[in-house]
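> Listed in order, the protein sequences are those of chains A and B.
Quick note: the first sequence uses this note's numbering, first residue 1, plus one each step.
Quick note: the second sequence uses this note's numbering, first residue 1, plus one each step.
These aren't lab readings, by the way, just hints derived from the structure by calculation.
There may be inaccurate statements among the hints.
Unchecked claim - To give a feel for the contact side, a few chain B residues facing chain A, derived at Cβ under 10 Å: (1) L26; (2) D28; (3) L79.
Stated by the list, open to error - Taking lysine-lysine and the BS3-like style, the derived pairs with C-alpha atoms no more than 25 Å apart in a straight line are: (4) A:K23 x B:K159; (5) B:K132 x B:K159; (6) A:K159 x B:K23.
Heads up, the beta-carbon is just placed ideally off N, CA and C, and yes, glycines get one too.
2 protein chains.
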Amino acid sequence: MDPRLPTAEDEHFMRAAIRLGEKAALIDGTGGPFGCVIVKDGKIIAEGSNHVVSENDPTWHGEMEAIRAAAKKLGTFDLSGCTLYTTGEPCPMCAGAIFWARIDRVVYASTIADALCYGQFDDQPIYQDLAKPIAERRTPAVQCLREEMLDLWRRYEAKPDRIRY
Amino acid sequence: MDPRLPTAEDEHFMRAAIRLGEKAALIDGTGGPFGCVIVKDGKIIAEGSNHVVSENDPTWHGEMEAIRAAAKKLGTFDLSGCTLYTTGEPCPMCAGAIFWARIDRVVYASTIADALCYGQFDDQPIYQDLAKPIAERRTPAVQCLREEMLDLWRRYEAKPDRIRY
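Chain A on its own, in the form it takes in the complex:
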């Protein structure tokens, strides 16, 4: 089977994510129509939805909430073996979190272009910006005290019991 084609199971779990997005945007009014479920071994282990508006939290995307909940539930920062279902193609923040969490597979419904068209959510310039070196991005960035930080890095490197992750 082509892993890039959705299955009937994918549709089932995506409908659960869409219901969460609908609740967030149209019923509770917590944020945009973004819902997310994380599935392992055929079962939903965590859910999330957008709460940027209600919680005044710019990082509270559905994917972020679901990843944190899944990691807490499984007791590990390694979500290998999990599939993440999200109503919208992930933004760079969530795509980065998906990488760090070692999620196996992502299923999404609408595209970044759809989110711009219907919701004025514009992720594309962020993707373009992050493809540049930090000194060329829109947010001005300054390097400071690298040598003092390298001293800390060397002490961290020499720590015998540090946990690699």
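We have chain A; now place chain B onto it with these hints.
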């Protein structure tokens, strides 16, 4: 004054961030040597440090904690007017969060190359991966039920009282 050069104030706040990173990595052992402070009007309004290991949370980077805390403290998801100090050049997840939070300026100490050299933290492949369309990234991605999601998008677009963000 060139806004791309660090000031004495920048060094002061970066030392606070380095102390948080040192505490996280060498004293409490919560994660890597990553600390962050967010400054508004010359004062630290929020702090964060890496807790990936101790909290089993792959998203618990210092920047994420500090951004969430700053937004909570100010009661808004818009952190315009704030400068973020971080011990390491931000990863794509945190750089995305910095964008969404509308942080004005970023000050960092060590580079992505330093983090790889001393800590085996490898952000560069994530940056390279996120510069590609979702279908070409390492994590397999599948689109599913776009039409059902577009129905929700249209109802969201038609909602008279939605809060734009």
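> Under 10 Å is the threshold here; is the Cβ of D28 (chain B) close enough to any Cβ of chain A for the hint to stand?
violated (12 Å)
> Could you grab the alpha-carbon distance between K159 (chain A) and K23 (chain B) and see if it respects the 25 Å cut-off?
holds (13 Å)
> Should the hint that L79 (chain B) touches chain A count as held when the rule is a Cβ pair under 10 Å?
holds (7 Å)
> Given the hint that K132 (chain B) pairs with K159 (chain B), does the C-alpha gap stay at or below 25 Å?
violated (33 Å)
> So if I understand the rule, the pair passes when the alpha-carbon distance is 25 Å or less; does K23 (chain A) with K159 (chain B) pass?
Given that 25 Å is the threshold and the Cα spacing comes to 13 Å, the pair holds.
> Under the criterion of a CB-CB separation shorter than 10 Å, is L26 (chain B) in contact with chain A as hinted?
holds (6 Å)
The structure shown violates the earlier hints numbered 2 and 5.
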